[in-house]
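**Student:** Line by line, the protein sequences are chains A and B.
Heads up: the first sequence runs through residues 1 to 231, numbered per this note's numbering.
Heads up: the second sequence runs through residues 1 to 154, numbered per this note's numbering.
No lab work stands behind these hints, which were simulated from the structure alone.
Careful, some of the hints might be misleading.
Said to hold, decoys possible - The list that follows gives simulated cross-link-like pairs (lysine-lysine, BS3-like), each with its CA atoms no further than 25 Å apart:
| hint | chain 1 | residue 1 | chain 2 | residue 2 |
| --- | --- | --- | --- | --- |
| 1 | B | 55 | B | 73 |
| 2 | B | 15 | B | 127 |
| 3 | A | 145 | B | 127 |
| 4 | A | 54 | A | 104 |
| 5 | A | 54 | A | 103 |
| 6 | B | 55 | B | 72 |
| 7 | A | 145 | B | 129 |
| 8 | A | 83 | A | 150 |
| 9 | B | 15 | A | 145 |
Claimed, not checked - Ranges between beta-carbon positions, derived for each pair:
| hint | chain 1 | residue 1 | chain 2 | residue 2 | range |
| --- | --- | --- | --- | --- | --- |
| 10 | A | 108 | B | 13 | 48 to 54 Å |
| 11 | A | 54 | B | 50 | 27 to 33 Å |
| 12 | A | 147 | B | 5 | 33 to 39 Å |
| 13 | A | 28 | B | 144 | 31 to 37 Å |
From the three backbone atoms N, C-alpha and C, an ideal C-beta is built for every residue, glycine too.
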Amino acid sequence: MAVNGAVTWLRRTEEIDGYDLSASDSEEVHVLAVDDSLVDRKVIERLLKITSCKVTAVDSGRRALQFLGLDEEKEANGFDGLKVDLIITDYCMPGMTGYELMKKVKESSAFREIPVVIMSSENVVARIDRCLEEGAEDFIVKPVKLSDVKRIIDYMATYFREGEERRGGINKRKIRDEGDDRSSSSPLSTLWSSSSSSSLPTAPCSPSTLDSPTRSLKMTCFEEHIFTDKN
Amino acid sequence: MEVVQIQRNLVDYTKSLFMEGFLDGQFLQLQQLQDESNPDFVAEVVSLFFDDSQKLLNELTIALDQPIVDFKKVDAHVHQLKGSSSSIGAQKVKNACIAFRNFCEVQNIEGCLTCLQQVKLEYYLAKNKFETLFRLEQQIVASGGSIPMIEMGF
Chain A
1 MAVNGAVTWL RRTEEIDGYD LSASDSEEVH VLAVDDSLVD RKVIERLLKI
51 TSCKVTAVDS GRRALQFLGL DEEKEANGFD GLKVDLIITD YCMPGMTGYE
101 LMKKVKESSA FREIPVVIMS SENVVARIDR CLEEGAEDFI VKPVKLSDVK
151 RIIDYMATYF REGEERRGGI NKRKIRDEGD DRSSSSPLST LWSSSSSSSL
201 PTAPCSPSTL DSPTRSLKMT CFEEHIFTDK N
Chain B
1 MEVVQIQRNL VDYTKSLFME GFLDGQFLQL QQLQDESNPD FVAEVVSLFF
51 DDSQKLLNEL TIALDQPIVD FKKVDAHVHQ LKGSSSSIGA QKVKNACIAF
101 RNFCEVQNIE GCLTCLQQVK LEYYLAKNKF ETLFRLEQQI VASGGSIPMI
151 EMGF
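The following block holds chain B by itself, in its conformation from the complex (with noise of 0.2 Å):
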């Protein structure tokens, strides 16, 4: 496939995913900080998100399971993965923290139960498009090409 081609699918992919709501502004300001100084800037941030939200979505599976839940302690982790999904401009992700808390303040155990899968669900699928993202991104640089700036017109 041209370069052309893979540059334009990458802009499409992209695009889409700011349409569907996986992706929010911040997630442009990250790649405003990419440059040829620091040119894989956005995919360590991104991956350090994907190990530190596994090591939390861990705690919280731990955390939901104690016979006596410790509600201070669920909502601290939910609080910490909605701020680096934020950092990072996984909306989705963010979103389905910010129904968590609201379920971990009034103490409901089944609404946390099922916010949690929500979301490990937001999770994978989060995980699922940036490496998408990324592995078309690699296409491109691998190719010779140049990775195209996407203007959102917000």
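Chain A extracted, bound-state conformation (with noise of 0.2 Å):
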């Protein structure tokens, strides 16, 4: 593992030449948690950090680029040593909402592959299709809870490793590079078919299945009822 923390998993999967097969696993995964309510960015931080995770929590869209080093208005911070594996955010936020974060971080080829989640108290359909379509990897209905951050973290470190393994095989980002169609699939589904990871089982009545990100927008959106294209 490198230690200066430049080689991240999500790098890896794109190395296809020149892979170091060497590198261990046992780093820490660096989530960038972006909330502008205190109360959840401290509720968030220690989620993390509780599932073995280093964690930068800023209060803002606007930070969370100059942590980045993508803001335009601001020099990069120098924090190259520390990159972001997952980006974790809360939508309705003053000034740059959740949805607009993630897309810039999209649009930019030095962070697009860092996973993005979403994290809402407003259970919208419309909303987490959006969010979804947008690139976004997991849609959380807040309050959050210690089995949603397990259930990324785990998959992603599954999804990641396998990815790692298979050296050139098929991934998600590959998919959507070749010209996937995404209006059609969502990234999840993309995902669900393409990983053969035993962590996504499709037992209905498993336990993990019940944590899924599928399941759990299933269970959100038609027994909380809510079927509106109030943004």
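Two chains, each in its own frame: build the complex with the hints.
**Tutor:** Printed below as a string of structure tokens:
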């Protein structure tokens, strides 16, 4: 494992040639958490730390971009040693919404591979769909629970570890790059079909399925009975 | 009083808060995040909630007192309060906020004023309950005991 933190799971899936298999997988995941609520920031920070992640918590989309070095008005603040492995952001924030932040991240060639998870207290189907279509890895309905965070971290670890092992086999990013029709299938469904991970079972009664992103989306959409175009 | 008795009081008190709807499952989530390395986590988060909420309630009072009420601003504050109360499991405060937002949506000033009073009431009640809870915990810790985990069997 590169000591300076320059190599993350994500970069490894992109590097097909000259791939270094000697790297271990014990490096901590570095998560950039974005939420304007102080209470929520404290909670998400603790949730992530308890799942053994390194956390940087910021209070706005603007600060998140500054941290990444994407803010046009300010120079990169020199955090070159701390690459971000995952961004988890609140949707409703003053100034820049989590959705807008995600779009900026996805538009940047340097950072578009970083998975983005969106959190929102508003359980609106149209919003969830829009976020997933724009490239969100997952959508968590607040309040965030430990099982939500564990699910995401486990799922990423398994998925990206398998990406390393396959060394150039089909992965989600490649499917997207090859012009897969994103509007007809959500990124999650693309992921389900390409991943052979055993942590994503399809048995309806299995407990981990209940925690799976698709299942939790179905639960929230139908059981909450909210079908509105209101954003 | 013996530690065992205080521990029993704490368990009973906490259970009553759930039964009466002051707390919901999210509070248990927070308790799961507390351990020896972070023994005051719940108290710290709740304290942040108190400070945050106090500010929001003040802003709401001012905003609703304006000759022309900016309902978007009011709604934004209530949304924030609803979010943070939900994050700590303060169910009655959260529910009062939900009702409040409905009146914001239809720009009903009287309804909003009534809701503000209701939210304030729920906030002060919740504050009181939490303070009692933490006082019991402190008594247990001071007597050398450990804080019992609540099994709710939801």
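**Student:** Determine for every hint whether it applies to the structure shown.
**Tutor:** Quick rundown of the hints versus the structure:
1. 55/B / 73/B: With a Cα-Cα distance of about 14 Å, the restraint between residue 55/B and residue 73/B holds, given a limit of 25 Å.
2. 15/B / 127/B: 17 Å, holds
3. 145/A / 127/B: 23 Å, holds
4. 54/A / 104/A: Since the Cα atoms of residue 54/A and residue 104/A sit roughly 23 Å apart, the hinted pair holds (cutoff 25 Å).
5. 54/A / 103/A: 24 Å, holds
6. 55/B / 72/B: This hinted pair holds, its Cα atoms lying about 17 Å apart.
7. 145/A / 129/B: Within the cut-off at roughly 23 Å; holds.
8. 83/A / 150/A: 21 Å, holds
9. 15/B / 145/A: Holds, at roughly 21 Å.
10. 108/A / 13/B: 48 to 54 Å: Given a distance of about 51 Å, which is inside 48 to 54 Å, the answer is holds.
11. 54/A / 50/B: 27 to 33 Å: 29 Å, holds
12. 147/A / 5/B: 33 to 39 Å: 35 Å, holds
13. 28/A / 144/B: 31 to 37 Å: Cβ of residue 28/A to Cβ of residue 144/B: about 35 Å, so the range 31 to 37 Å holds.
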